[in-house]
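Chemist: What follows is each chain in one-letter form.
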Amino acid sequence: MFPVPGGDLAPDEHAEPSRCGSDWTAPFILLMSITLHRNNVFLATLAAGTLPMPIAYDEMHLEGGTVRQHYGAFSQWLQQTPAPRIVQKRKEAELAFHRVGITFAVYGEQSGGERLIPFDIVPRIIPAAEWRTLQAGLRQRVQALNLFLHDVYHGQNIVNAGVVPAELVRNNEQYRPQMAGLDLPGGIYAHIAGIDLVRAGAGEYFVLEDNLRVPSGVSYMLENRRMMMRLFPELFSRQSIAPVEHYPDVLVDNLRSVAPTGVDDPTIAVLTPGAHNSAYFEHAFLAQQMGVELLEGQDLFVRDETVYMRTTRGPQRVHVIYRRLDDDFLDPMTFRPDSALGVPGLFSAVRAGRVTMANAIGTGVADDKTAYTYVPDMIRFYLSEEPILKNVPTWRLREKKDCQYVLEHLAELVVKEIHGAGGYGMLVGPTASKQELEEFRLRIIARPEKYIAQPTLALSTCPTFVESGVAPRHVDLRPYVLSGHDIHIVPGGLTRVALREGSLVVNSSQGGGTKDTWVLEN
Amino acid sequence: MLCRTASELYWMSRHIERAENTARLIDLTQRIALLPERLERGKAGAACWLRALEALGVDEEYLARHDKVDGDDVLRFLTLDPANPSSIYSCLQLARESGRAQRGAITAEMYQDLNASWLEILGLNWEQLISNGVSPFLDWVKTRSASFRGVTVGTMGRDEAYDFLRLGTFVERADCTVRMLDIKYAEAHGEEEREARSAVQYYQWSALLHAISAFETYRKIYKDTIQPVRVAELIILRDDMPRSLAVCCNAIHATLTTLAGGAKVEAIRLSGALAAEVRFARIDAILAQGMHEYLTHFLERTHQLADEIGRQFMWSTDLAAA
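First to last, the protein sequences are chains A and B.
Using our numbering, the first residue of the first sequence is number 2, and each one after it goes up by one.
Using our numbering, the first residue of the second sequence is number 569, and each one after it goes up by one.
Hints may contain errors.
Think about it this way: if two alpha-carbon atoms lie no more than 25 angstroms apart in a straight line, the pair counts; the simulated SDA-like pairs of lysine to any residue are [to be verified]:
| # | chain 1 | residue 1 | chain 2 | residue 2 |
| --- | --- | --- | --- | --- |
| 1 | A | Lys370 | A | Glu400 |
| 2 | A | Lys92 | B | Tyr679 |
| 3 | B | Lys791 | B | Gly691 |
| 4 | A | Lys370 | A | Gly156 |
| 5 | B | Lys832 | A | Ala137 |
| 6 | B | Lys788 | B | Arg599 |
| 7 | A | Lys92 | B | Glu688 |
| 8 | A | Lys401 | A | Gln436 |
| 9 | A | Lys92 | B | Asn683 |
| 10 | B | Lys791 | B | Phe848 |
| 11 | A | Lys401 | A | Val170 |
| 12 | B | Lys832 | A | Leu148 |
| 13 | A | Lys92 | B | Glu677 |
| 14 | A | Lys451 | A | Tyr176 |
| 15 | A | Lys92 | A | Val467 |
| 16 | B | Lys832 | A | Thr313 |
| 17 | A | Lys90 | B | Glu677 |
| 18 | A | Lys370 | A | Ala137 |
| 19 | A | Lys391 | A | His151 |
| 20 | A | Lys401 | A | Pro431 |
| 21 | A | Lys401 | A | Glu439 |
| 22 | A | Lys451 | A | Glu400 |
| 23 | B | Lys832 | A | Gln317 |
| 24 | B | Lys788 | B | Asp807 |
| 25 | A | Lys92 | A | Gly470 |
| 26 | A | Lys92 | A | Leu117 |
| 27 | B | Lys832 | A | Gly315 |
| 28 | B | Lys788 | B | Leu805 |
| 29 | A | Lys435 | A | Glu418 |
| 30 | A | Lys92 | B | Gly691 |
| 31 | A | Lys402 | A | Glu439 |
| 32 | A | Lys92 | A | Gln81 |
| 33 | A | Lys370 | A | Val208 |
Here are a few chain B residues that face chain A, going by a calculated C-beta distance under 8 angstroms [as the list claims (entries may be wrong)]:
| # | residue |
| --- | --- |
| 34 | Leu570 |
| 35 | Arg572 |
| 36 | Arg668 |
| 37 | Ala669 |
| 38 | Arg671 |
| 39 | Gly672 |
| 40 | Met724 |
Since the hints were derived computationally from the structure, they do not count as laboratory data.
We treat Cβ as the ideally placed atom computed from N, Cα and C, and that holds for glycine.
The task is simple: from the sequences and hints, build the whole structure.
Modeler: This is the structure in structure tokens:
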């Protein structure tokens, strides 16, 4: 018998890769199953009582079809460029993505089953002034969220002050009692935050979701920019577009800044669930771009509350771990005992302050659907400022007044289970049948505290190449906010686009694609 | 470098080399099985294929799934059968999976090369393979292996990762060269060992030379007829024959010395002893000892060395306890 590699090298087929990391390929959007009227007009009730809303906000055109000023240079270029050249460039882009292998794994298919995420060549452009506001809003929001997380695991002043109900913390599955009282470097919990924004109505930005656990997608932001510069260098000489390519440098600096105290030259590493995880490409990409090791749990061990990686020259200490693995899987001795992906004893090193996890364990308590509704209050409480970015108006059904309103307007609203995910346990009022509405009504009355409700929104659209030519498609935006000794936001973020007509699903496995996002510099 | 990275790189090149060597071994077996004399005695043809399975150490696995040894069945088992972990198909799959997992440690071209091999064999079925011919398929496997080696040598930085890839190649090659030589020696007995007198013997020895691409080298070096002693000398002891045990053992020892960075480790002692032995051995002495016994012993020692390499650089099971 020929020798074969040790069993410790075999990828763990039994792990639950889809549960490791709040993947951006997972269904994300509260409003995703809203269907359209025949003539492509949304049912929308942003402000209660004003329905239906007009056609969604167009990122590129004013009403009447005039091109918005910040799209002027691009529009001119598009008109001047012969159609066959664009067709050829789009093909070139697809080929290049395939060759480089920027793919995501599709579960259930054999090793050949890796797909490309469609890339659209029409950029999503954000004017400088607009970005300045967004940036200030994002900074403020993430700052408050980090203060909230610190507070949750220390004095819980915000609860004591009656701003946030105690059960938000106490009954939250994502609250990690093990973290209580631990002081983290800089008091930072969410070192990397992905804040999902949408535009609705007349173009107003709303925060749809805060992703504070393991937000992904940033590799696509970087690759999309690289691709646009390669395909259409002339576009970048026509106007001043803020660069994003330095993201890995900013990230590694940020991670260094939160090393355990007393460590001058920390060793940073990325921790991945493994090659079978759908976001593995991104994990490998970021590790390579930062020039740090890409680790699996089996590469690490803990001795004397210190984390070491197994190298060919013996054990080497690791100080900061950028983990792309959910809390549950990190340490079988502290969290899920059946996790084969983690490192036994890892939490003891965290507790001893000998290693920094980014993001910290227990950030999930601040990014669920109830916590979301309190973020504006957090901003007021911790920063004594008014929130710059708005939440999508949300009714908390645990509050009597809200519950009554929602029950009266059930057919107009989207109702979501607080702990539901992926569209389960959700009611989309405008498209639900009478029977569905009645069934849901009973469920709400039985356990109102399990639900929140939101209006349906008309998400903004951006021109996108589709089979029939260029047509408007719905988009969202995920900027990445890095917190360490400082807060840093690389201009723009990842724009996701729902490629199917009328669809609001930007989920990559359901026809979602991505665009390069430009923040103009003047 | 991470132990896991070292291990995956090492196994990546072992699997590529194993795919190539399996192709070479099939080539050899086919040449021997198809000799006119064999056709007259069908049973002997099956014996050749059984010997190939034994040499690769997969005879039990084969027999667990087939009730008799049949040329076509064995061929399929060794080439495209995903259930055989050492089939060419499995080797290319495993190499490509290692490549995907270690994309950061190899160059983009290397990954693309592995990926291209894998996608091509993934799209190939048995009927196509047979209708295109077995030989073109074996040539393709050898070409893919050569391509990967070429891309590696031509694009990769000369670092630790490169050394682990190189180590894998030569450990696997040494292993397989021994197995091929043993097949041929199991065929020939007694007097025949000394000289290829009959036409059949001539064909068998030249088949071995062809299978390891050493026919021309033999002619150049010895300028003589094919003689079993010289073939054995060429394959075991000559340091100018790229697949010889001497070349493999030297390369393994040199690479390990670099990797250990001056540390005196057991793996180096073992590889040094092995390299010294093939360097100073005499073919007469080996033949006096008995070729099969010599090769069996040699194989045991390379396995011992491979285990030690794993312990030293890759498994690290004792690190946590240390």
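Chemist: Now look at each hint and say whether the structure bears it out.
Modeler: So, going through the hints one by one against the coordinates:
1. A:Lys370 / A:Glu400: holds, 15 angstroms
2. A:Lys92 / B:Tyr679: Given pair Lys92 (chain A), Tyr679 (chain B) holds - Cα atoms ~22 angstroms apart, limit 25 angstroms.
3. B:Lys791 / B:Gly691: Given pair Lys791 (chain B), Gly691 (chain B) is violated - Cα atoms ~44 angstroms apart, limit 25 angstroms.
4. A:Lys370 / A:Gly156: OK: Lys370 (chain A) and Gly156 (chain A) at ~23 angstroms, within 25 angstroms.
5. B:Lys832 / A:Ala137: Between Lys832 (chain B) and Ala137 (chain A) the Cα gap is close to 59 angstroms, so the pair fails against 25 angstroms, i.e. violated.
6. B:Lys788 / B:Arg599: holds, 23 angstroms
7. A:Lys92 / B:Glu688: holds, 22 angstroms
8. A:Lys401 / A:Gln436: Judged against 25 angstroms, a Cα distance of about 24 angstroms means the pair holds.
9. A:Lys92 / B:Asn683: Roughly 21 angstroms separates the two Cα atoms, so the pair holds.
10. B:Lys791 / B:Phe848: Distance ~23 angstroms between Lys791 (chain B) and Phe848 (chain B) Cα, so the pair holds.
11. A:Lys401 / A:Val170: Cα-Cα ~20 angstroms, so holds.
12. B:Lys832 / A:Leu148: Measuring from Cα to Cα gives roughly 53 angstroms; hence the hint is violated.
13. A:Lys92 / B:Glu677: holds, 21 angstroms
14. A:Lys451 / A:Tyr176: holds, 17 angstroms
15. A:Lys92 / A:Val467: Satisfied, since the Cα-Cα distance of roughly 13 angstroms is no more than 25 angstroms.
16. B:Lys832 / A:Thr313: holds, 14 angstroms
17. A:Lys90 / B:Glu677: holds, 23 angstroms
18. A:Lys370 / A:Ala137: holds, 23 angstroms
19. A:Lys391 / A:His151: holds, 23 angstroms
20. A:Lys401 / A:Pro431: holds, 23 angstroms
21. A:Lys401 / A:Glu439: holds, 19 angstroms
22. A:Lys451 / A:Glu400: holds, 11 angstroms
23. B:Lys832 / A:Gln317: Judged against 25 angstroms, a Cα distance of about 20 angstroms means the pair holds.
24. B:Lys788 / B:Asp807: Answer holds: Lys788 (chain B) to Asp807 (chain B) is near 14 angstroms, not above 25 angstroms.
25. A:Lys92 / A:Gly470: holds, 15 angstroms
26. A:Lys92 / A:Leu117: holds, 13 angstroms
27. B:Lys832 / A:Gly315: Cα-Cα ~14 angstroms, so holds.
28. B:Lys788 / B:Leu805: Measuring from Cα to Cα gives roughly 16 angstroms; hence the hint holds.
29. A:Lys435 / A:Glu418: Roughly 20 angstroms separates the two Cα atoms, so the pair holds.
30. A:Lys92 / B:Gly691: holds, 24 angstroms
31. A:Lys402 / A:Glu439: holds, 20 angstroms
32. A:Lys92 / A:Gln81: Judged against 25 angstroms, a Cα distance of about 19 angstroms means the pair holds.
33. A:Lys370 / A:Val208: holds, 12 angstroms
34. Leu570: Holds. Min distance 5 angstroms.
35. Arg572: holds, 5 angstroms
36. Arg668: holds, 6 angstroms
37. Ala669: The hint holds - Ala669 (chain B) has a Cβ within 8 angstroms of chain A, the shortest such distance being about 4 angstroms.
38. Arg671: It holds, given that the least Cβ distance between Arg671 (chain B) and chain A is near 5 angstroms, below 8 angstroms.
39. Gly672: holds, 4 angstroms
40. Met724: With a closest approach of 15 angstroms, the Met724 (chain B) hint is violated.
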